[in-house]
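There are 2 protein chains.
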Amino acid sequence: MLAEIITIGDEILIGQIVDTNSAFISQQLNAIGVKVYQITSIQDDETHILSALEDAKKRVDLVLVTGGLGPTKDDITKQTFCKFLGDTLVENQQVLSNIKHIFRTYIKREPLLSNLVQAMVPATATILNNIHGTAPGMWMEKENTVFVSMPGVPYEMKHLLTQEVLPRVIKKYKRPYIYHKTLLTYGKGESEIQEQIKDWEEALPTAIKLAYLPSLGRVRLRLSSTGPNEKKLKEAVEQQMDLLYALLKDIAVGYEDDTNIQERIASLLDLKKESLSLAESCTGGAIAREITAVPGASAYFKGSVVPYETHQKVSVLGVDETLIQKHTVVSAQVAQAMATQCAKLFGTHYALATTGIAGPTKGDGEDEVGTVYIAIASPSGVFSEKFSFGNLRERVIKKATNKAFEMLLKEILKN
Amino acid sequence: MLAEIITIGDEILIGQIVDTNSAFISQQLNAIGVKVYQITSIQDDETHILSALEDAKKRVDLVLVTGGLGPTKDDITKQTFCKFLGDTLVENQQVLSNIKHIFRTYIKREPLLSNLVQAMVPATATILNNIHGTAPGMWMEKENTVFVSMPGVPYEMKHLLTQEVLPRVIKKYKRPYIYHKTLLTYGKGESEIQEQIKDWEEALPTAIKLAYLPSLGRVRLRLSSTGPNEKKLKEAVEQQMDLLYALLKDIAVGYEDDTNIQERIASLLDLKKESLSLAESCTGGAIAREITAVPGASAYFKGSVVPYETHQKVSVLGVDETLIQKHTVVSAQVAQAMATQCAKLFGTHYALATTGIAGPTKGDGEDEVGTVYIAIASPSGVFSEKFSFGNLRERVIKKATNKAFEMLLKEILKN
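Chains as they are written, first to last, in this note's numbering: chain A, 1 to 415; chain B, 1001 to 1415.
It is worth saying that the hints were derived from the structure and are not from the lab.
No false leads were mixed into what you were given.
Derived DEER-like restraints, expressed as beta-carbon distance ranges: (1) A/Phe-383 to B/Tyr-1245: 49 to 57 Å; (2) B/Glu-1046 to A/Ser-215: 20 to 28 Å; (3) A/Ala-246 to B/Leu-1271: 53 to 61 Å; (4) A/Gly-86 to B/Lys-1172: 38 to 46 Å; (5) A/Val-117 to B/Ala-1203: 17 to 25 Å; (6) B/Tyr-1245 to A/Ile-107: 23 to 31 Å; (7) B/Glu-1321 to A/Tyr-173: 54 to 62 Å; (8) A/Leu-89 to B/Ala-1332: 43 to 51 Å; (9) B/Asp-1055 to A/Tyr-155: 27 to 35 Å; (10) B/Lys-1249 to A/Leu-413: 55 to 63 Å.
Beta carbons: idealized from backbone N, C-alpha and C, even for Gly.
With these hints in hand, go ahead and build the complete structure from the sequences.
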């Protein structure tokens, strides 16, 4: 059972937007045992769309298409599907009433003619109701391949995929099981890890595939396998994962099947009824942004300060000014004082602080661009670590954010 | 002159990572007049890689391939290129010394054998030096098509592309000019805009293409055209853009050719020598994160507070507690008090505050999930607006962030 994803729209090919839809669709399909063979991004161009549909039809059972369903002239997906299927556009009453409902409820004006035209769909298509927007999803078949067309707007696509498309896929196709498990490690590079697990990797059964997924200070190791027997599959992968975990226990911080590191921190703090605050200088809100992205963050996250200007570390956080004069603002002493003061200001069990030079230009002190101190104040005291994260601003901020989560998770697990 | 991008790696096809490389490569190619015809993501699988290379070769002049160049076993791009080109792997001294240099300087240990094996490259490949990593870029030719292989790690790829690949492309190929200009609008949907510009759009010369790019509260309108005469091309697009701007001047906030809205705010504040601080409750650091992503932010951004817990709005920001009791924490009064107090706390010209219910659960008050107040304090006073951003947490945060930037830019332009 194979699928492909086709995204339609010049905006991806000229790099104006990043295609996040395909990752979401792939994850969801994988979870129900459908393997994604290829993802293809093509233009809003009839000839190109037709040849992409034709090529995908030869390779796979299911083709998910996003984009090109808007009310404006540059959107030609529906007309092109008609050509591909030998079909014609007809007005669909269900879609028409959804469009009117959305305008009445959310947009609070009468729909324009171009909005009403969105109710024209290929006559043989099964309509998938889009509760978040005016462009309907469509389920179409040609010979033995199913084609699903969805709008490219991420939240509209997500709802259609999970509520309308996946249940139909589950019902229609017999699928093998796919099982992945991903180990999250921090602190060593991929070649060092490979060296450490060499003997194990060589003995790994061929049915189980290992992938190294390195990114900015962390490496994820993914084991995956496919087969007809869910129980056996899972047991085989879990058994190998246990061996792998034992080999890497110095750098492993947990699994990444369902949760990421922010979610692990969230659930631990929630469980222990402990709280967290942040004082972010060089990371400028990046850590708070990740923490508050997790629903329910208000249960343990009390707040944060971004004392971006040196003076604010004194006036807002209450760091002792002589410490800054003596050690410079980018120092272990100031990082630790920021964490301690932050815990006091917000009244939290844990406080995490960052101070450093994200670049591109150097600060006032001696330190190079990329120097970052991360400090944690906890019930058992305060400590900090110094890092050199290179000279690319975005990368310094991301690496510092990842490292901060790593340190925080370890510290919470310790207490 | 057409190009394609092929990304290799199972992690994209199982949705474990989002492909951001392709957007960057497409932007860069477009800027030098190379049109990207298709982007294809495929597996780390020899048969699949070979057929993708063969298909792309039939369609385009230049194929940029990323991924599959790591030191571990699952990386098979180089061996597969050898098969495709009828070539063999040989040790390259330049790459070998770069690997040793990187280990000596940054990793501070001896390279392992698997790292040294990264110096094996196809004999006929021209080596592109990767100063940020151990996997080299490679420029290869088969008949009339050029194939470039780059690592998938974004900052390594970016440096190789801009410093090594693009200069060679510019030298080798005669390219037409491509000119894009994008108008950024806030506050109306795409069908409303289409209605407003209908007559103009119908009269638009066929050589100029219009695209509507809607996303969370804003619509970007892109005009693009391709041709041999740069001056004429630019004039034709600019002339139409002037007409379009005039038709949409009620919702246009500027162009997006080189700068985004954060960068416009940054350059205006920098120019006027004015400063900014933030008090973010429901946006949880998202606005600060975007502001500090712009290099040089410390010139105008003094700092921010995320008073996530209600109590912190009183104790950290100094909002009057009786205001919260009287109007609830999600109210115009509290949003305005947060902005006013924030400007005082950080001593800034402008302060922006958000308070609302990002969801998924409701707050203590009467308001629905998605209710957000955004307030701005400026030299001319304080004001706020109320919004309903729907019931999806990530979307509420993003819409509030976009809206905050829109309000802030308008306010700065007014003063």
